[in-house]
Every structure is written in C-alpha cells, then in structure tokens.
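Each chain, letter by letter, is given below.
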Amino acid sequence: MADYNVATPQFINPSIFNYTMPYAPDLKITMINEMDGVDRVRTRGGHDLVNHRYHKNPGETRTGRRSWLISYSYLGNSDFDDLYSKVIKKTNGGQLSFIFKPDSSQGAYSATCKFDMKSLQYKQVANGVYSVKLKIREVW
Amino acid sequence: MASVGKPRFYVNVLEWLHTKGDITTYTRFMTLPVLSDVSVNTTIHGVGNVLSQGKNFHAVLNYTSNSAFGITGADTTDIVNFGGEYSGFRIATFTNTLYTIEMDTAGGSLIVGTYYDMPNPDLSLTMSREYGGTKETTTYNGSYVSNTMWSKPAKWGNYEAWSLGTLYSGGSGRRSWNLKFSYIDHDDLWGTDQSSATNDSFFSQVWHKTLGGTLPFIFQPDGDGDTPDSGNNDPDQFAICKFKENSMQATQSAHNVYDISLSIEEVW
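If you read the sequences in order, they're chains L and G.
Position one of the first sequence corresponds to residue 1 (my numbering), numbered consecutively onward.
Position one of the second sequence corresponds to residue 1 (my numbering), numbered consecutively onward.
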C-alpha cells in the first residue's frame with residue numbers, strides 16, 4: 001500500500017510520545033528519495049565515474065533515503081501546542097529520532113526519522129492560527 | 001532530436017545485482033564501459049525472480065554484424081537492427097521468465113534486464129544537446145583558440161556510439177531530457193512494495209534497479225509501450241543515461257496522486 005502517501009502523520013517514540021496530527025497537511029507535499037551516499041565525478045573526457053558509499057538503509061532492501069516536506073497552513077492554537085509539546089520538545093528540537101508514519105492508518109509503513117530543520121518556524125496567519133512547515137528525514 | 005512519446009527505460013539487471021553484491025560478474029556485463037574486445041561470453045548467472053514480469057530485454061553494444069546473439073530460453077524479438085544485419089548495436093525484447101541467464105552472445109557490452117514504459121509526459125518538456133567539453137580562449141593578439149575535450153560519446157571499439165552500419169553514423173553532443181509527469185497514481189509511481197524488484201512501478205523497475213539513477217540505463221524517449229512498433233525505434237533514439245540529480249522528488253497533488261519531474265542526461 002501507500003508508504004509514501006501522507007494522510008494523518010503520526011510521530012512515535014515508544015514510552016515517550018505518540019502523537020497523531022489531527023488532520024492531513026496541505027496538498028503539495030513533497031516526497032524525496034535521496035541517494036546521498038553516492039559520489040559522482042565527470043572526467044575531463046566527459047566520462048562519468050560513480051562511487052557508491054551506501055545506497056540504502058542497512059536494515060532494509062529499499063533503495064535510498066526517504067524525506068517528506070509537509071506543511072500545515074491553518075493549525076489551531078491547541079494543535080500547534082500539542083505538536084510542540086508532544087513532539088518537537090521531546091525530540092530536543094529534532095535531535096532525537098522518532099518513528100514517523102506518514103499515514104497513521106497504514107500501521108505497517110513507518111520510518112525512523114529526525115526533523116531536518118535548523119529551527120521550527122511558524123507564522124501566525126490569524127488570531128490563534130499558525131502555519132508551519134516540517135521536513136522529516138529518514139535516519140539510520 | 002525526435003519528439004518524446006512514451007519514454008522507455010531499459011535497466012541492466014546484472015549490473016544492479018553485481019553492484020549491490022548479490023552476484024559477482026565481469027565488466028563485460030556492465031553497460032559502461034563498452035569494451036573493444038567482442039569475444040563470446042557464456043557465463044551463467046542466477047537472477048532470482050527479477051526477470052519474471054514479461055518485460056525483458058537483451059542488448060549488445062559494440063556488436064559485429066551477424067555475430068552470436070541470444071540467451072538460452074529467451075525468444076527474442078529485435079526492436080532495432082533486425083537479424084543483426086548491421087554492426088554497432090542490437091536490442092531485442094523477450095517475455096520468457098528466466099531464473100538463470102546463460103548468454104551466447106558476442107559484443108563489447110552484454111546487457112540483460114527489464115524495461116519499463118512511462119506514461120506520456122506533460123508537453124512542457126525540454127530536450128537539449130550540450131557541447132560543454134570545449135574551452136574557448138581569445139589570445140592577446142585577438143586570435144580565437146579552442147580546446148575540445150569531448151564533443152560526442154566515446155567510441156565503442158571501432159564504431160561510433162549508437163551507429164548502425166550504413167544506416168546511422170552516430171550523433172554528437174551530450175543529450176538530455178527534462179520531463180514532467182502529472183497525476184501519476186501512487187502504485188504506478190511508488191508501487192505497493194518499494195523493496196521489491198518485481199512490482200510494476202517506476203520506483204521498483206527504474207529507481208530501485210538503477211540505485212537511484214546512479215547506474216546507467218538505456219533511455220528511449222519514444223518507446224513502443226504496449227503496442228509493438230508504435231514507438232520510434234530509429235538508432236538515434238537510444239542513449240545511455242543517468243538521472244542528473246541524486247534524488248527523486250515527487251509532489252503529492254491529491255490523495256495518492258503525484259507529480260514528478262525527471263532530468264535525464266546521456267553519459268559515457
């Protein structure tokens with residue numbers, strides 16, 4: 001089934017937090033499969049040389065490293081507080097890893113991730129309403 | 001460059017299995033480099049179930065006309081260079097499921113793998129030929145000098161890359177394509193199992209088996225799709241390519257529906 005598809009994202013760190021976003025994020029979510037363990041060089045003669053340092057999570061057979069860019073345009077005050085206090089704060093601002101399920105209803109599909117943002121930026125778009133962007137990146 | 005129809009990706013399965021350490025094989029079975037030596041090779045490789053989808057191919061680069069071409073148990077249908085009449089290269093498809101590959105084929109690069117047909121891309125596509133291997137200098141007295149490091153793919157033995165006897169003498173420049181596909185279903189793009197090599201999806205058949213586009217594949221911008229002879233199978237329609245970026249980005253435009261852009265560049 002859909003292990004990239006984002007519906008209601010769920011963040012889990014067993015025995016510390018288990019938080020499911022109350023509703024789906026905006027459309028225009030970006031999913032990335034990244035081959036960051038591959039170095040490429042183009043020689044003077046135009047040949048391409050490639051060095052594969054790693055190409056997948058050693059515990060899996062799937063190629064590449066997954067990331068998700070998701071945004072919420074109109075997150076209510078209480079929902080934003082929950083996201084902050086239950087997830088952001090308890091991961092030390094994204095330093096600690098967590099289990100990310102892009103769609104909480106698809107229980108089997110998850111990835112060990114960290115937030116890949118230098119800071120959590122949120123904009124107030126109305127009284128008690130915020131927009132927030134999250135970048136979530138698979139780690140191992 | 002001719003127009004883009006249903007793009008087809010030919011992925012070298014032996015190179016993929018070798019690179020991830022599942023089998024050990026020889027340089028001759030890699031897509032690049034294309035060797036000058038064209039001796040026959042009959043090595044047997046076990047490939048598990050990766051050739052069980054009915055969309056398989058066999059290609060020989062640096063092919064000598066009327067030389068050995070074939071795989072035990074595969075009923076091949078040529079899509080270019082019918083009957084091996086010309087020297088240069090030869091590509092054929094077959095539907096047989098094979099669990100071991102035993103080739104009786106001669107050539108500089110002996111490729112066996114699977115192909116995947118994309119849907120038609122959006123019309124806002126870009127095709128280009130780059131000649132970036134030339135450095136140009138104006139001297140003190142105003143003379144104009146240039147030094148060309150490369151202007152076309154390296155030769156395959158005695159033949160220009162993708163040349164076909166007297167039919168086509170090979171092209172110049174480095175070709176690239178920027179393609180955008182809109183409204184692709186989740187299962188067609190990501191598939192139902194991304195660790196599977198047999199799932200009928202772009203991720204499993206192309207991204208996964210080229211290790212994220214870092215292994216070379218043969219790209220045909222206007223392939224046959226599901227209708228034989230409906231594409232453009234002229235010799236100038238094939239290129240050894242990689243994806244330009246090291247990442248594949250898809251934007252979810254609706255629930256389980258995605259848009260994706262691909263930058264494909266010729267390599268040698």
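Simulated from the structure, these hints should not be mistaken for laboratory data.
Idealized CB from N, CA, C, for every residue including glycine.
Treat the hints with care, since some could be wrong.
Computed from the model, here is a short list of chain L residues facing chain G with C-beta under 8 Å [claimed, not checked]: (1) 5; (2) 6; (3) 15; (4) 30; (5) 31; (6) 32; (7) 35; (8) 36; (9) 46; (10) 47; (11) 52; (12) 53; (13) 119; (14) 123.
(request) Hint by hint, work out which the structure violates, then give me just those numbers in ascending order. (result) The structure conflicts with hints 3, 12, 13, 14, although it agrees with all the remaining ones.
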